[in-house]
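Using the UniProt record's numbering, the first residue of the sequence shown is number 1, and each one after it goes up by one.
Please keep in mind that the hints were generated in silico from the structure rather than gathered at the bench.
All the given hints hold, so there is nothing to weed out.
Derived pair list, reagent style EDC-like, types lysine to aspartate or glutamate, alpha-carbon separation capped at 20 angstroms:
#1 K208 with D348
#2 K306 with E295
#3 K208 with E222
#4 K306 with E238
#5 K208 with E338
#6 K177 with D326
#7 K284 with E338
#8 K268 with E305
#9 K268 with E238
#10 K284 with E222
#11 K306 with D148
#12 K208 with D345
#13 K306 with E145
#14 K268 with E301
#15 K268 with E149
#16 K208 with D340
#17 K332 with D348
#18 K284 with E238
#19 K268 with D148
#20 K177 with D158
#21 K208 with D158
#22 K268 with E145
#23 K332 with E350
#24 K284 with D340
#25 K268 with D304
#26 K268 with E222
#27 K208 with E352
#28 K208 with D326
#29 K177 with E149
#30 K306 with E260
#31 K306 with E149
#32 K208 with E350
#33 K332 with D345
No experiment lies behind these values; they were computed from the predicted model shown.
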Amino acid sequence: MLDITKSAAESSLIAPSGSPSRPPNSTIGPTVRTLANTSPQKLSTLRRKGAELFPRSAFSSANAFEPDDFEVEGGVSPTMKGVPDSPVKSIWDADDDEFDHWPQHKDLQAAVNTFTIQRGTLRGTARPAMDELSDMEFDDANDAETHDEVMQQFYQRDCSALPPSSPPANMHLLASKAYLATEDPLAQNALPRLCDAVATVLYLTSPKCLADFLDPNIAVFEWRRNGNCLMIRRQGNEVVVGTFHNFGTCYIWTYFVRSEISSSGAWKEVYAGTAQTTTPLSAKGVEFEDFTTEESFEGVEPTDEKYALWLGRMLGRFLLGWSVWDFRSWRKWTVVWEADGVVTDARDYEYEALRAARGDED
Numbered sequence: 001m002l003d004i005t006k007s008a009a010e011s012s013l014i015a016p017s018g019s020p021s022r023p024p025n026s027t028i029g030p031t032v033r034t035l036a037n038t039s040p041q042k043l044s045t046l047r048r049k050g051a052e053l054f055p056r057s058a059f060s061s062a063n064a065f066e067p068d069d070f071e072v073e074g075g076v077s078p079t080m081k082g083v084p085d086s087p088v089k090s091i092w093d094a095d096d097d098e099f100d101h102w103p104q105h106k107d108l109q110a111a112v113n114t115f116t117i118q119r120g121t122l123r124g125t126a127r128p129a130m131d132e133l134s135d136m137e138f139d140d141a142n143d144a145e146t147h148d149e150v151m152q153q154f155y156q157r158d159c160s161a162l163p164p165s166s167p168p169a170n171m172h173l174l175a176s177k178a179y180l181a182t183e184d185p186l187a188q189n190a191l192p193r194l195c196d197a198v199a200t201v202l203y204l205t206s207p208k209c210l211a212d213f214l215d216p217n218i219a220v221f222e223w224r225r226n227g228n229c230l231m232i233r234r235q236g237n238e239v240v241v242g243t244f245h246n247f248g249t250c251y252i253w254t255y256f257v258r259s260e261i262s263s264s265g266a267w268k269e270v271y272a273g274t275a276q277t278t279t280p281l282s283a284k285g286v287e288f289e290d291f292t293t294e295e296s297f298e299g300v301e302p303t304d305e306k307y308a309l310w311l312g313r314m315l316g317r318f319l320l321g322w323s324v325w326d327f328r329s330w331r332k333w334t335v336v337w338e339a340d341g342v343v344t345d346a347r348d349y350e351y352e353a354l355r356a357a358r359g360d361e362d
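Make a model of the complete structure from these sequences and hints.
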């Protein structure tokens, strides 16, 4: 890890104000829009913008143009209304106020298909910047390219350990609200690096959470969100990010991206699942080194650098778009982080911090 990461634990970090937006009606395997399909109209909510970016076969059965929670009809939130004619559901299905489906096998297959169809499609154009965003062959893990150049406008200065001037492969904090609300067609099609999305998710969970991730003295860090299962895990200089289903004896991952962090702090995605990945569970926890995967779709190899970088970007957009750090809006969502075996509940930590700031006594 970088030497500069030590300053994260020592610096005073102030979380941005405002509550996160409700997740968009989106999925992680979209075909990036072309300029011809770009709609410049103002998109008033995150869900409505997400409906343009992602296919209709999304994680929620709700219509993308229905009101959000705060746009109530008759004083009743739409998410509180039942559906009388809905079929009997399995006990494993999500509740009405959760995503109907966390990423599934078909979503990963759609993502791989998108990668193969759009790779190498740029053959000269009057709109090179827009077309380069959709052609994965132009993505570079080490050097800045169109996605990075567009995303630079959203870099924040809230953490001294992650300066906006650092190279594109290093971690940056993103102004997630500005990014998700932008009406600029280029910015709407630009995808963040996975490292930037991870930094932003951890910081918005708690500045202390990000500081623990960056602390080189912490050997194993793990951020988890229960309910719809998501994990960000660092062991040494290796990071795993993905969505999974817990089956008691194993985790089955739909999206599984493994990255390595160099001594200079640069991230490189070295493995991205092209099919569902399985990791067994033991008394020690998840056996990350003992994983199996199904046959790849479309002949794409999980070690393909272009594919790994692209799927990392798609996963990063998913993390930001669904505000996965938001434990405040939904009480049933539990967000915790674990640093060398010490587990911290994000909600409890925030409560204790507020109590200490008020000077409350036990």
